[in-house]
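Each chain, written out:
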Amino acid sequence: MEKILLALDPQNMNMNTIDFACYLSRLTCSRLTGVFLEDLLAGERPVIRTLEGASYLDSRVVPDSPEGEEKRGITEENIRSFKVACDCRGVQTLVHRDRGVPATEIVEESRFADVIVVDAETSFTKRNELLPGRFIKDVLVDSECPVIIAPYSFDSIDDIIFSYNGEKSSVFAIRQFTYLFPELRPKKAIVVSVRNDGEEALEEQFKMKEWMRNHYDEVEYVVLKGEPSDQLFGFLLEKKNGIVVMGAYGRDMLSRFFKPSHARLIIKTVNLPIFIAHC
Amino acid sequence: MKKILLTFEGGNFPQETLEFVRCLNTLSPVLLTAAFVPEVDYAHLMSQSGGIAGAAYIPQVADEDEVIERNSALLEEFCREHVIQHVVRTDRLDFALPSIRKEARFADLMALSSRHFFENINDVQPNSYMKEILHSVECPVLLLPEKSDLPGSIILAYDGTPSSIYAIKQFAYLFPELSDIPAHLVFVSGKNDEPFPDATLVEELAGQHFKDLHLVKLNMPPYDFFNDWITGKENPWLVTGSYGRSELSQLFSKSFIAGMIRGHKIPVFIAHT
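Which chain is which? The protein sequence lines are A and B, in order.
FYI, the numbering used here numbers position 52 of the first sequence as 52, with every residue one higher than the one before it.
FYI, the numbering used here numbers position 202 of the second sequence as 481, with every residue one higher than the one before it.
Only true hints are included.
Covered by chain B, according to a simulated footprint, are these stretches of chain A (three or more residues, beta-carbon under 8 Å):
#1 110-117
#2 162-173
#3 178-191
#4 209-217
Below, in silico cross-link-like pairs of lysine-lysine (DSS-like), each with a Cα-Cα straight-line distance of 25 Å or less:
#5 B:K381 <-> A:K209
#6 A:K188 <-> B:K281
#7 A:K188 <-> A:K168
#8 A:K187 <-> B:K281
#9 B:K381 <-> A:K168
#10 A:K168 <-> B:K281
#11 A:K209 <-> B:K281
#12 B:K281 <-> B:K426
#13 B:K512 <-> B:K496
#14 B:K544 <-> B:K426
#15 A:K168 <-> B:K410
Hints are computed from structural coordinates only; laboratory data are not their basis.
Owing to the predicted nature of the structure, the values given are computational and were not obtained by experimental measurement.
By construction, the Cβ of each residue, glycine as well, lies at the ideal position given by its N, Cα and C atoms.
Model the full assembly from the supplied sequences, consistent with the hints where possible.
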């Protein structure tokens with residue numbers, strides 16, 4: 001049983017993400033905690049207000065203003081639909097309503113959670129951002145528990161694709177995923193490593209294989225040659241019904257992997273859940 | 280199946296730690312990785328003192344290979360008798376600590392004796408080797424006193440910091456079999472009016488992993504906590520975090536965990552990010 005958080009924008013909820021989070025909850029017999037992140041500093045279109053004769057630009061939504069009222073209505077409605085949706089899927093729920101700066105709020109919650117599920121398109125801004133937005137990047141970098149980016153649409157998990165480069169963080173991500181989802185042990189594990197120089201130390205390969213054998217029944221090893229993010233992307237393109245597990249090698253690696261030209265493609269085209277953990 | 284790393288330093292044969300691994304194996308099957316490492320890490324000695332000082336005593340084992348062969352045979356026999364899956368690494372390198380670190384990256388847990396770990400270097404624990412290992416290995420460490428048993432209660436040391444939560448999570452992931460055992464989430468505070476940090480949230484998390492969970496706030500100095508409160512529990516295991524080198528050494532200097540290690544009293548599970 002785990003504590004699974006689902007980060008939701010109360011103004012813009014995605015049913016596919018709820019569907020995926022419910023799958024994880026059922027898989028691990030866990031309750032699903034919906035965290036509704038109410039943005040107090042919402043980037044609304046600024047309005048001109050007048051106070052004691054002086055005009056000023058105001059971008060806040062005052063709670064009892066008509067805009068605030070409308071927002072509250074949508075939030076209440078979405079919380080209701082979230083509960084109904086989970087009920088229909090046989091998942092117990094809990095609702096947290098966090099008001100403040102969304103990324104900060106969810107990072108604070110992450111300390112007390114086993115895993116966070118987010119929708120790649122959550123952005124809390126009306127600006128047209130490249131995927132993934134600022135919110136997702138902040139959560140990936142600062143979260144104190146692993147994060148799963150939900151796929152665009154989801155059927156099942158048949159394969160687990162581990163992206164492995166021999167470094168601390170990739171081993172850490174593989175271990176955390178395995179501990180969190182022991183139920184997926186019978187599934188096929190595919191360990192993908194991309195090399196653009198020489199061979200990996202034999203000794204290390206051997207230790208890695210020993211560990212994998214102990215935790216998964218069927219393991220396949222794939223070695224690709226070339227530039228890591230291009231090769232990995234090419235490999236993932238052909239995959240269906242899997243989950244990708246990767247370590248976040250600090251902010252640098254993440255931003256390279258999610259470089260604008262790639263990220264949109266990965267999230268839109270690959271359509272696989274991505275599990276990211278960093279130590 | 281958990282992969283547990285156990286080190287054999289030079290000629291040492293950690294019988295009591297093996298006994299404990301046997302207990303764990305009855306709980307859920309383990310793969311024991313036994314790594315034979317040299318008794319002295321010359322690289323480490325060099326870096327500590329900027330050269331091997333004249334006064335540094337480096338014990339010589341007459342024929343280390345022979346001792347290792349004997350110990351390896353003993354280990355094989357022990358594992359066969361108790362049906363423990365195992366692998367033995369005898370390809371010793373010159374540098375003990377780097378090879379332990381490498382092994383630990385690919386292990387779920389490292390078990391080590393809180394008395395005997397490199398006791399030839401310094402028998403006042405935690406010695407510099409133990410501190411170094413505790414702070415640098417990438418998997419959780421279980422420090423074991425001479426006689427250890429499976430836990431009758433689990434003490435989760437909590438102070439509201441990310442590292443204490445991290446340790447609790449790692450323990451829960453590694454030992455889901457222990458979820459029925461009474462767990463005490465303890466916040467030790469010297470002040471009366473200090474509130475339990477994030478009580479609801481931490482209860483929500485820990486409650487998912489431990490079925491019999493109690494939140495306890497104790498107003499007492501750490502010394503009393505370790506000497507009276509913990510020892511009053513039945514077969515307790517202590518779960519604690521440490522964060523980076525400075526905090527770890529602070530804990531040691533305040534004789535927080537160090538007292539436990541020195542007293543060889545109870546098993547201590549330490550995990551850090």
